[in-house]
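Sequence order for the protein chains is A and B. Its first residue numbered 1, the first sequence is counted upward by one per residue in this note's numbering. Its first residue numbered 296, the second sequence is counted upward by one per residue in this note's numbering.
Read the hints as simulated data drawn from the structure, not as lab findings. Accuracy of the hints is not assured; some may be wrong.
[As the list claims (entries may be wrong)] Just the calculated beta-carbon pair ranges, DEER-fashion:
1) B:E426 <-> A:G49: 30 to 40 Å
2) B:E561 <-> A:N74: 39 to 49 Å
3) B:F341 <-> A:D272: 29 to 39 Å
4) B:A327 <-> A:E139: 19 to 29 Å
5) A:E90 <-> B:L386: 47 to 57 Å
6) B:Q541 <-> A:N74: 50 to 60 Å
Just so you know, these numbers come straight off a predicted model, no measurement behind them. Yeah, the Cβ is synthetic: ideal placement off N, Cα and C, and Gly gets one too.
Number of protein chains: 2
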Amino acid sequence: METTADAPLIVPDPTDPRLTRRVGGIDHTGAAVETSVTVERPLTLFLNGQEIVTMMTIGDYPEYLALGYLLNQNMLRADDEVTGVEHDEELDVVVVRTARATDYQEKLRKKTLTSGCAQGTAFGDLMERFERVRLPAAELRTSWLYRLTHAINTMPSLYLEAGAIHGCVLCREDRPLVYMEDVGRHNAVDKIAGYMFRHRVEPADKIFYTTGRLTSEMVIKTVQMGIPILVSRSGFTAWGVELARQAGLTLIGRARGRRFLALAGEQRIVFDLDPGFVEEESARHRRKGAQDSEP
Amino acid sequence: METTADAPLIVPDPTDPRLTRRVGGIDHTGAAVETSVTVERPLTLFLNGQEIVTMMTIGDYPEYLALGYLLNQNMLRADDEVTGVEHDEELDVVVVRTARATDYQEKLRKKTLTSGCAQGTAFGDLMERFERVRLPAAELRTSWLYRLTHAINTMPSLYLEAGAIHGCVLCREDRPLVYMEDVGRHNAVDKIAGYMFRHRVEPADKIFYTTGRLTSEMVIKTVQMGIPILVSRSGFTAWGVELARQAGLTLIGRARGRRFLALAGEQRIVFDLDPGFVEEESARHRRKGAQDSEP
Chain A
1 METTADAPLI
11 VPDPTDPRLT
21 RRVGGIDHTG
31 AAVETSVTVE
41 RPLTLFLNGQ
51 EIVTMMTIGD
61 YPEYLALGYL
71 LNQNMLRADD
81 EVTGVEHDEE
91 LDVVVVRTAR
101 ATDYQEKLRK
111 KTLTSGCAQG
121 TAFGDLMERF
131 ERVRLPAAEL
141 RTSWLYRLTH
151 AINTMPSLYL
161 EAGAIHGCVL
171 CREDRPLVYM
181 EDVGRHNAVD
191 KIAGYMFRHR
201 VEPADKIFYT
211 TGRLTSEMVI
221 KTVQMGIPIL
231 VSRSGFTAWG
241 VELARQAGLT
251 LIGRARGRRF
261 LALAGEQRIV
271 FDLDPGFVEE
281 ESARHRRKGA
291 QDSEP
Chain B
296 METTADAPLI
306 VPDPTDPRLT
316 RRVGGIDHTG
326 AAVETSVTVE
336 RPLTLFLNGQ
346 EIVTMMTIGD
356 YPEYLALGYL
366 LNQNMLRADD
376 EVTGVEHDEE
386 LDVVVVRTAR
396 ATDYQEKLRK
406 KTLTSGCAQG
416 TAFGDLMERF
426 ERVRLPAAEL
436 RTSWLYRLTH
446 AINTMPSLYL
456 EAGAIHGCVL
466 CREDRPLVYM
476 EDVGRHNAVD
486 KIAGYMFRHR
496 VEPADKIFYT
506 TGRLTSEMVI
516 KTVQMGIPIL
526 VSRSGFTAWG
536 VELARQAGLT
546 LIGRARGRRF
556 LALAGEQRIV
566 FDLDPGFVEE
576 ESARHRRKGA
586 QDSEP
């Protein structure tokens with residue numbers, strides 16, 4: 001699916017009427033106001049006839065979300081043959097079918113919650129796979145990083161339209177390729193994982209950007225996707241840093257304007273641009289964290 | 296437990312060495328730096344000999360977290376007699392014992408993920424209880440709201456120390472009473488629910504403040520706790536608004552400086568202060584959303 005075009009392949013569509021709703025209320029002066037709020041709807045996921053989970057999602061790209069969820073839960077393997085993905089919009093159901101027979105009853109019983117509020121993951125299993133991953137050599141030029149974060153922050157998005165949403169962006173060099181948003185940041189990550197699986201995207205030369213915190217879970221998912229570089233405008237947790245170091249992942253947080261902090265895999269960073277020439281974030285485009293809601 | 300003192304009963308302890316860790320890395324100029332990051336550790340919860348879940352938490356107040364989790368998952372009833380809560384710090388285990396025999400194997404099997412990344416809740420069950428709650432009449436004076444948010448934003452916290460953390464505050468009138476933080480915002484809510492259960496705190500005259508978004512799950516938990524007013528500096532989701540209206544919860548979001556937006560239960564708001572006299576947030580104390588990490 002590698003492209004040479006400059007435009008991203010998938011960007012948020014803040015004008016999609018299904019994704020936001022106008023609601024009325026009052027403001028701090030008592031005046032009646034109308035505002036846009038993000039829509040969340042249930043989506044129930046089946047794998048080969050077995051009900052796996054019901055997720056709350058904004059509802060775009062249900063097929064990618066379903067595939068990515070199953071991959072990140074280790075219920076779908078990278079070499080599995082997917083024979084069908086059916087989405088029933090009226091029933092809010094998505095069914096994934098694989099050539100391999102599956103049975104995750106046992107797995108669904110034993111769940112671990114991970115930090116930053118989680119989806120419940122069979123943990124031993126997941127760590128075992130995590131430890132086997134070897135991330136490739138790669139480079140991250142600071143000139144790419146600055147162009148990337150500027151492009152992401154200024155791109156039209158549901159965040160800018162209605163707030164209360166998370167964003168994840170798959171990038172190469174200085175270009176955003178796939179930009180997904182969702183109420184749960186794990187959904188946004190999973191949609192990208194599903195996209196990469198469906199289109200056989202090579203992870204080795206990619207950069208993963210998230211608006212969310214760099215928790216253990218975010219690090220584990222990035223490593224499982226095989227992407228060597230993870231960037232966020234938010235902060236770190238101690239275990240996230242520890243796992244990133246263990247896996248050799250380049251972990252960059254608090255990336256705002258010209259500033260950032262790298263707490264793991266620093267050797268991949270190439271300082272090819274004097275940060276003195278980078279603009280600080282303008283107030284107009286400053287993201288205040290994906291949880292924040294100011295449009 | 297009602298208090299007449301002015302000081303909050305529980306505030307974050309950013310100097311507790313177990314809650315943050317100093318780690319080294321490099322900054323945007325390539326210079327070596329050291330920074331504080333939030334610690335997340337596993338805590339496995341048992342209810343009467345049955346393993347329920349493993350949570351990732353910063354680790355303070357494990358007893359409140361355990362009780363609150365069980366309450367919010369409907370595994371503990373408001374009238375249950377808790378015969379013991381034991382925390383084993385070395386094993387990272389907390390055991391809650393009740394006079395009533397419990398068996399939640401079946402319940403653990405059927406999980407629904409809710410938005411904003413969730414803990415997996417038996418959903419039908421939860422909605423049934425939600426629909427039975429009748430929230431009391433109450434008032435929220437805007438002078439209280441402004442004093443509250445100012446007090447919360449300027450109080451020493453792990454957020455200010457290390458970022459990447461969520462906060463929830465139980466308040467009465469213009470005073471914060473119990474301020475809990477955690478990597479997962481549901482943990483912070485659950486710790487407050489556990490505190491209220493343990494100390495038989497009356498919810499009717501309380502205000503609940505959260506740094507997180509006003510999702511369906513946050514609304515459901517506040518309503519279940521019986522608190523009539525929910526305030527956040529972050530934004531709304533459509534379903535959160537819908538559920539708040541259904542339950543008659545006062546829902547206030549985007550509360551920053553003098554501004555806020557009420558999208559449900561507006562009748563409880565008493566405009567007793569001219570917002571023109573309220574200061575905008577100073578840059579020094581501006582919270583950028585709990586996911587953000589700038590210390």
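Hints, one by one, checked against the model:
For B:E426 and A:G49, the Cβ-Cβ distance of about 32 Å falls inside the hinted range of 30 to 40 Å, so the restraint holds. One distance hint, 39 to 49 Å for the beta-carbon pair B:E561 and A:N74, holds here, with the actual separation near 46 Å. Between B:F341 and A:D272 the C-beta distance comes to about 53 Å, which lies outside the given range of 29 to 39 Å. At roughly 20 Å, the beta carbons of B:A327 and A:E139 sit within the given window of 19 to 29 Å.
Roughly 48 Å separates the CB atoms of A:E90 and B:L386, a value that falls within the hinted 47 to 57 Å. Evaluation of the 50 to 60 Å hint for B:Q541 and A:N74 yields a failure: the beta carbon distance comes to about 37 Å.
Consistency with the previously given hints fails for numbers 3 and 6, ordered from lowest to highest.
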